[in-house]
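With chain A's structure known, arrange chain B on it following the hints.
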Amino acid sequence: MTSILIFEQLLNGIQFGTMLFLMSAGLTLIFGVMGLINLAHGSFYMIGAFSAALIASLTGSFWLALLASLSGAAIAGVLVEIIIIRRLYRRDHLDQVLATFALILLLSEGVRWCFGAFPLYLDIPKNLNGTFPILDDIIYSKYRLFIIFMGLLIAAGLYILISKTRLGVRIRAGQNDRQMISALGIDISKLYTIVFALGASLAGLAGAMIGAIQSVEVGMGEPILILAFVVIVIGGIGSIKGALIGSILVGVTDTIGRVFLPELLKIFMEPASATSVGSSIGSMLIYILMALILIIKPSGLFGKT
Amino acid sequence: MIVEKIINKWILFFLFLIPVLGFIFEEPYYITLTTKVVILGIAGIGLNLALGYCGLISFGHAAFFGLGGYVTGILSFHALNSELMFSWPFVTSGSSDMLIIWPIVILSSAFLALIIGFLSLRTTGVYFIMITLAFAQMLYFFAISWPNYGGEDGLSIYMRNSLPMINTMDPLTFYFICLCWLLIVIFISAKLINSSFGMAFQAIKQNEERVKSVGIETFKVKLLVFVISGTITGLAGSLYTDLNRFISPSVLNWQMSGEIMVFVILGGIARLYGPLVGAAFFIVLEQTLGSYTENWQFWLGLILILEILYVRTGILSLFEKKLKYEK
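Each protein sequence line maps, in turn, to chains A and B. Using our numbering, you'd call the opening residue of the first sequence number 1 and step up by one each time. Using our numbering, you'd call the opening residue of the second sequence number 306 and step up by one each time.
Pulled out of the complex, with its shape left as it was, chain A reads as follows (with noise of 0.2 Å):
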């Protein structure tokens, strides 16, 4: 029976990583090509749970909706870039703080302005309901899997383009070198709206997958904006190969923590209050992780020195 639950926490940890990732995969690329700290990154997750909550509403097709959650915070993203996140990135990181800080409020009140402040809601696509016998007595939710599926395709995209193709050789140079590919003659501002589109579309798919499990409101973005942030400075900001490890090292972390702390604190407390500060701590875990880690390696894991 626990070996069961335990697996299934397992999967549950990392369907939560895989999702973190697509949200801090975009933010470190962010980051780690422009040096601009993005606090309104959650609000494309967001944008894109809403496109996709609309578009699922009117066509009814749930990958229509996936599409639009992708287009429609590129959009979004591209437009945020050229008027306001392209005056920011020759600015110190308080003003980049602030400015994005700022923007969240126009982003969350404007969609609010338009939806309204009610909850929508994604159904989930009647082949992927239900569950899936993954062992003969483990059972686990489909979509989940699919989730996990997605997040891993995008990981191995990602690999691809940064590895493989002309953009991505243009990106690892602008992660190094920002003045030296300018002089050779690359539009950077033009490589600057695309790196932020990407990681804004990243988001998008994300908000509007987990939409579909969780409800899609204004404030979505935020909890796992910070989240995204702790998995970006465990990984090492700027490391595409952090973020992927940290990611899947905090969603675990977070949902064995908050599942077994209480059970294990049973062993030493009666079982009233070793609920209570299992469930404390529990979810304090990942920031005692981070923090753990910012002092044994003050740059992440991945990070450069």
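To be clear, the hints were calculated from the coordinates, so they are not data collected in a lab. Since we're looking at a predicted model, the values are computed, not measured. Careful: at least some of the hints might be erroneous.
To be verified - For each label pair, taking beta carbons as the anchor points, the in silico distance ranges come out as: (1) K266(A) to S555(B): 29 to 35 Å; (2) P133(A) to L389(B): 51 to 57 Å; (3) P223(A) to Y335(B): 34 to 40 Å; (4) E263(A) to T397(B): 46 to 52 Å; (5) L264(A) to Y463(B): 37 to 43 Å; (6) S555(B) to E263(A): 27 to 33 Å; (7) E263(A) to Y335(B): 51 to 57 Å; (8) F7(A) to S555(B): 32 to 38 Å; (9) D136(A) to R550(B): 57 to 63 Å; (10) L488(B) to I296(A): 43 to 49 Å; (11) R427(B) to G168(A): 32 to 38 Å; (12) I139(A) to D458(B): 33 to 39 Å; (13) D458(B) to P223(A): 15 to 21 Å.
To be verified - Derived coverage of chain B by chain A (criterion: at least 3 residues anywhere in the stretch with Cβ under 8 Å from a Cβ of chain A; other residues may be distant): (14) 352-365; (15) 439-450; (16) 564-572; (17) 610-617.
Beta carbons: idealized from backbone N, C-alpha and C, even for Gly.
Using the frame of chain A, we list chain B on its own:
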């Protein structure tokens, strides 16, 4: 600089005038609003020491604000319910006397700032921003999931804490208590900034390597600034709980950290009265826009972005330019 001093005198004048007017015209709401401005101003002045003067971009000052608030709330919760708080190492059932609460708040916020500062200051740049954020979120989630003091719903205290021989429930009296704290905090900050220690931490903002090279242990200087900064913000949190007679995890949330930062930036970074002006502007905006539209935060966001993109030096600098031209 002289212009700034004139403006500062006007600010103080208004801080005395508005609540007195509110009292005369029997509009206690305006007294409460001004009290809120003063308290948030204190929180901002605390952050400004670290952020504005020393260049330590803390995105986690809500931790201190919330801790101050929770310490106050928990102490008076036990005192009002005459419930034992803990029995080891000594027996106590809290307190609702501000003269006891304040020192405890100051000590506990200083202690928290010491721990967070000691760990976070090992990192710099983005990592510092993120790790301070993470510590604040840690406390936030702890407050949400810890059921004893209301958890997510927060904790109400039905009586404002007391001072001997003073009726703190009277809005104007409580306002002047907060104003006293504001003046003390401004006085201490001004003394600090102009001291040799102040020169050191302001120099660190400009070039830490050089400060190191003249033999100053910058880590200790930064840690001390961070502790003083956190303590002041913690004190503001204590007053905030007393103002609302309520404390909830939302004051520990990262949005609170962001708002305190906004006060500092809106008013003008590294200006003594800047956070106060920023807080006042924020509250006025909230009240006026809030009465026209539910989506006032949209306009707040827009104003903030315009400020950061085009003005860059805060509201106070606008006045300063204008006054200079008039001369």
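Verification of the supplied hints:
For the pair K266(A) and S555(B), the supplied restraint of 29 to 35 Å holds, since their beta-carbon distance comes to about 31 Å. Range check, P133(A) to L389(B): Cβ separation about 54 Å, and the 51 to 57 Å hint holds. For P223(A) paired with Y335(B), a C-beta distance near 36 Å keeps the hint of 34 to 40 Å intact. At about 33 Å, the CB distance of E263(A) to T397(B) disagrees with the hint of 46 to 52 Å.
Under the hint 37 to 43 Å, the C-beta atoms of L264(A) and Y463(B), about 38 Å apart, fit the expected range. The hinted window of 27 to 33 Å between S555(B) and E263(A) holds, with their beta carbons roughly 30 Å apart. In this structure, E263(A) and Y335(B) meet the distance hint of 51 to 57 Å, their C-beta atoms being roughly 53 Å apart. Evaluation of the 32 to 38 Å hint for F7(A) and S555(B) yields a pass: the beta carbon distance comes to about 37 Å.
For the pair D136(A) and R550(B), the supplied restraint of 57 to 63 Å holds, since their beta-carbon distance comes to about 59 Å. Checked against the hint of 43 to 49 Å, the C-beta distance between L488(B) and I296(A) comes to roughly 44 Å, which is consistent with it. R427(B) and G168(A) have their C-beta atoms about 34 Å apart, which keeps the hinted 32 to 38 Å range intact. Separated by about 37 Å at the C-beta atoms, I139(A) and D458(B) satisfy the suggested range of 33 to 39 Å.
A hinted range of 15 to 21 Å holds for the C-beta pair D458(B) and P223(A), which are about 19 Å apart. Requiring three or more residues with a Cβ within less than 8 Å of a Cβ of chain A, the coverage given for the stretch 352-365 of chain B holds, as 3 such residues are present. Counting residues of the stretch 439-450 of chain B whose CB falls under 8 Å from any CB of chain A gives 8; the rule of at least 3 is met. Coverage of the stretch 564-572 of chain B by chain A holds in this model, with 3 residues showing a Cβ closer than 8 Å to a Cβ of that chain against a need of three.
A count of 4 residues in the stretch 610-617 of chain B with a Cβ less than 8 Å from any Cβ of chain A is obtained; the coverage claim is therefore met, three being the minimum.
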